[in-house]
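From first to last, the protein sequence lines stand for chains A and B. For reference, each letter of the first sequence is one residue, going 1 to 227 in our numbering. For reference, each letter of the second sequence is one residue, going 228 to 434 in our numbering.
Derived by calculation from the structure, the hints in this document are not laboratory data. Keep in mind that a hint or two might mislead.
Unchecked claim - A few chain A positions that, by computed beta-carbon distances, are all more than 12 Å from chain B:
no.	residue
1	Val39
2	Asp132
3	Ile184
To be verified - Pairs of lysine to any residue residues, derived as SDA-like cross-links and limited to a Cα-Cα distance of at most 25 Å, are as follows:
no.	chain 1	residue 1	chain 2	residue 2
4	B	Lys382	A	Gly33
5	A	Lys136	A	Thr64
6	B	Lys382	A	Ser71
7	B	Lys330	A	Gly33
8	B	Lys330	B	Leu381
9	B	Lys357	A	Lys136
Said to hold, decoys possible - Calculated from the model, a selection of chain B residues having no Cβ within reach of chain A, i.e. all distances over 10 Å:
no.	residue
10	Ala261
11	Trp267
12	Asp270
13	Thr280
14	Leu295
15	Val354
Virtual Cβ for every residue (Gly too), placed ideally from N, Cα, C.
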Amino acid sequence: MAATAEVHHNPQLVADEWGGGALPFRVGHKKLGMWLFIVSDALTFSAMLIAYSYARLSSEQWATPFSFYPSIIFSTTMTLCLLASSFTMVMAVAASARRDRKRARRWIGATMFGGLLFLGLHLYEWMHLINDYGLKPFELPAAWLARWPNASPLFGASFFAITGLHMFHVLTGVLYLGAVAMTIKRRTHEDVEISGLYWHFVDLVWMFVFPLIYLMSVDFHPEQMPH
Amino acid sequence: MSTRFGGLKRLTQKQDVILNAICLLFAVVFLVLAAANASWAGDILTIDSLFVTSVFALLALVFLANPLLWAYERGYIQSFLAAEDELTARKDAEPVHFEGSTKLFGAVLLGLLVLTVVEVALAYVDVGLKLMLTILIGLSVIKAGLIMAYFMHLKFERQSLVMALIPALVVCICLLFVFFPDGFRLRNVRPESPATPPAAHGTQPAH
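I would like the entire structure built from these sequences, with the hints used as guidance.
Pasting the structure below:
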């Protein structure tokens, strides 16, 4: 390593990186700030998912009401939406690196569309659970209690809290991307990259929320669900 | 080093030796404890034993941090932590050219879609709770890794940025090991519920 000879017996070199006026992680301060925010937000979601797992594993019984239609189909579509929107976001960042602001704006628009589709489907899912089943945060619907009498009443709270917080992040992300897209002429490439980082983080969280909340609560016998 | 600090040089070296020796001693003690727990515990794959082992390993890592930094400063460790342009880390804005082709990102997207389909299919196969959770979380971690490495561009960034994210992961793992043993304990001490499950419960696993 060419660096070794200079680093050897010169600890001042390492200290200089952290002395100010340099870029220790080789990214600017705004990007580093976004990464640190992502780390803290990831821990927030981890805490909520772990709390949900704790409540579930320590309870006697847990409702598993998600039927293939509409819940699993919709949530799988939502997953595909977010993955596709992550891809379009990468394309937007690539276009912005080429200084092609018009294309970057179009790709960001496609990303926003994916996000809005996600939100629409998710809200439909919420309305289905709240209105058709009557799911409340701390009370299971009577039909579910008939089928799973000892099921924990925390199903609603954990579901709405975690998916609600994630939906809020998606909404904020869409608004953030909208702001970047509208002012793209004044934005640097770094700004587009940073908004991309946030959007990929939102997708990342969904990668964990989807299996733990939806796929672990699949209804194997939908014919048994009382109406 | 300049002559102004020349007299202190030997003292600094002596300090370094003593500090490194103490840190290494503690690190070795904790590593031995972690290994001893692994052999005393019997079944290492219980959550309790994993928790203790990981806590000791983490403490050993904490004490290893200082000697490792000292060695890195003196160039003893091949600095895989730095990109080749270690010296140009100062004052250079990140290059605007964006590594990675559309084909690469398309391939990553395809991989993510395939993994998603596998996960959904797995949800309808009865493989037992532990195996199902392991596979689901495992696949999710792989997906997360793919997104972070390629979409969030970490594969092409400087390693030190990746290292800055590792503590969060360690905290998550420690949280798991802290809460889950208590979860199992709570489940086992719960009093029996008065309502009996209906006969039509079928093969639905009660988790």
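> So which hints don't hold here, by number, going up?
Replying inline: 1, 6, 7, 9
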